[in-house]
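Given the coordinates of chain D, work out where chain P should sit on it, guided by the hints.
Protein sequence lines correspond, in order, to chains D and P.
Going by the working numbering, the final residue of the first sequence carries number 1010, and the count climbs one at a time with no gaps.
Going by the working numbering, the final residue of the second sequence carries number 289, and the count climbs one at a time with no gaps.
Some hints here could point you the wrong way.
Far from chain D by the CB rule (all over 12 angstroms, computed), these chain P residues [stated by the list, open to error]:
#, residue
1, P121
2, V139
3, R190
4, L192
5, D236
6, K260
Lysine to any residue pairs mimicking SDA-like chemistry, simulated, CA-CA at most 20 angstroms apart [said to hold, decoys possible]:
#, chain 1, residue 1, chain 2, residue 2
7, P, K264, D, A720
8, D, K689, D, T701
9, D, K631, P, L278
10, P, K193, D, A720
11, P, K193, D, T701
Calculated directly from the structure, the hints in this document are not laboratory data.
Quick reminder that beta carbons are idealized off the backbone N, C-alpha and C, glycines included.
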Amino acid sequence: MSEKTKPELELLIRSRGSGPGSSGSFVTKRYVANQVALTVRPRRIPEDSYEVQAQSRKDRKLFYVIRQLDADKYLFLNEEEYFLWQKMDGLHTLRDVATAYFIKFGSFDFRVIHRFLARARDQKLIVIPQTDLLRPTLSDEPASLKTRALSRLRAIDLRLSNVDQRLGLLYQRLRFLFGRPAYVAYGLLLALGALALYGQSDRHASTEVLWTHQALLLPLFILLHGLAIVVHELSHALACKHFGREVKAFGFTFMNRLLPSVYADVTDMWMSTRRARMAVSFAGPLSGLLIGSASAGVAWLLPPGTASSFFWLFSLSILALSLGSLYPCLFIESDGYHILSDWLRLPALREHSRKFLQGRLRAVVQRRKTKPMTSDERAFLLYGLASIASLTAIGASLVVLAACPMLP
Amino acid sequence: MKLSPRPLRKDQTKECVATLRRVSLFAAWSPAEIEEFAAHVRLLPCPAQEVVLWEGDAGDVLYIIAEGSVVVSRRLKGDIETVICRLHAGDFFGELDVIDDQSASANVQTETACVFYTIDRDTLYRELETNPRLYSKFLIALLKEVAKRLRTTNQRLIDAILWGIDATSLDTG
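Bound-form chain D, shown alone:
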């Protein structure tokens, strides 16, 4: 079929801001299908624009983390996908890549390439010049007023400038916090805290203390929690500097459906070792445990009264939050989840677990036979069931607590 007789797709692209109720300019463009799938030559971004780190999984298979330096985006690839990545040098067509894949791995499904390309292009790690004319014109749905307002709120991101440099300097000053003597001191403080908790185990924790002194203690309570959160994130950041990686951001934003949060972006730890990542994940909750232990100790040492009660309440609160952040099985990416995921060498444990549980449930409903589980799948199952059980327990507790005043 000649170019002239090939079917064309004609699109009308309206200028931004023109929609129902307003007029605006537009252009029309024609596109001839040009055997996009097989004759294009996808191209990796230049080598100085990314870095690669190999990581090992529990089953000794490798996976690769590719970091796009400009946009700070990451791509996790298995061995097959990494092979595709290496072949996409802008010189070989997709047909060539598919042939090479078949020779290397002995089987092939073209959807593998499509899925990989979609992910890689999304993370701006691969470009396909021939088709990228069309792609930028396909924009997102115009958002509603509510969605736009929420997006603007979520986009609030108050970051420190030159954060990595500043944290580097801070780390140099606080380097002693990462030495053996410091670790011994942490152990002692935690032991003291445990002792203080045991010593006051018959003590009630009441929030009434916050309402004394014209309720001035309440804002102080909240402020101390805020400071504890900053220390938590700072601990992650300093630990990241301790292992020689970059802290990409530190600031305040609205994350996870409007929750105000302080955050430290330590995703660069993906370029480091598993143990280092686990240590960085643990650093945050550890700071909370230490603060809680110190507070429990102070409450124990002070004579009975408002101050002692205040520190006792604060210590219980901080310890509960820190232990909560270490708990891994709630289907959220807490510090504990990251530690578990790294310990098991199962990245994206949460997503895999969800997909696995959905698949199994479907199989049960449809009464299909399933293959015996692999060790990874057992981990997915256990994690998923533990998360479901935990969330159910939390939900039930909240219901009971809410119903308490109504009970006789």
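Only chain P this time, still in chain D's reference frame:
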């Protein structure tokens, strides 16, 4: 910009009649019938790159293109639309909306500066109902036009599928 049709001046009626005689909807009408009908038609000039109809607008006006050309499109995603067809002088649009009392099914925008003759649904039906013979001639012409557009749509469907086959290289021919 809100567009407002206006009544024809006396000197514009002759030109309107000449245009309507070229339109397939009125091909079977006599000159006198067209002249009588033209008395109820209104004139609507429109600059280029102007949206005449938005998809979803209340559709109760028949537009006849006297001059210029328009692009008819349907929204795909965001600001991107697929072009359904182009219409030129002597063509018309809005006939489906006039028939079935539904909202406009596509966007229509002027590609060049245009002049339209318009008639609203109520006026159209009032004139046609007074003359059943004229009514049947109008409906037959409308039916032929709808059949023609359906054939065009079928061909476009085939073209779209061929485009997809070509783009994904499923075609080994």
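Against the structure, the hints come out as follows:
With 12 angstroms as the threshold on Cβ separation, the claim that P:P121 sits away from chain D holds: the shortest Cβ distance comes to roughly 17 angstroms. With 12 angstroms as the threshold on Cβ separation, the claim that P:V139 sits away from chain D holds: the shortest Cβ distance comes to roughly 25 angstroms. Remark: the non-interface label on P:R190 conflicts with the geometry, its nearest Cβ contact in chain D lying 9 angstroms away (cut-off 12 angstroms). The Cβ of P:L192 does not lie farther than 12 angstroms from every Cβ of chain D; its closest approach is about 7 angstroms, which violates its non-interface assignment.
Once the 12 angstroms rule is applied to beta carbons, P:D236 is consistent with being away from chain D; the minimum gap is 21 angstroms. Distance check for P:K260 against chain D: the nearest CB is about 26 angstroms away, which clears 12 angstroms, and the non-interface claim stands. For the hint linking P:K264 to D:A720, the alpha-carbon distance of about 40 angstroms lies beyond 20 angstroms, and the restraint is violated. The hinted pair formed by D:K689 and D:T701 meets the criterion: a straight-line CA distance of about 11 angstroms does not exceed 20 angstroms.
With a C-alpha separation of about 18 angstroms, the suggested pairing of D:K631 with P:L278 holds against the 20 angstroms cut-off. Distance check on the hinted pair: P:K193 and D:A720 sit about 18 angstroms apart at the alpha-carbon level, within 20 angstroms; holds. For the proposed pair P:K193 and D:T701, the alpha carbon gap of about 35 angstroms is over 20 angstroms, so the pair is violated.
Taken one by one, the earlier hints fail for this structure at numbers 3, 4, 7, 11, listed in ascending order.
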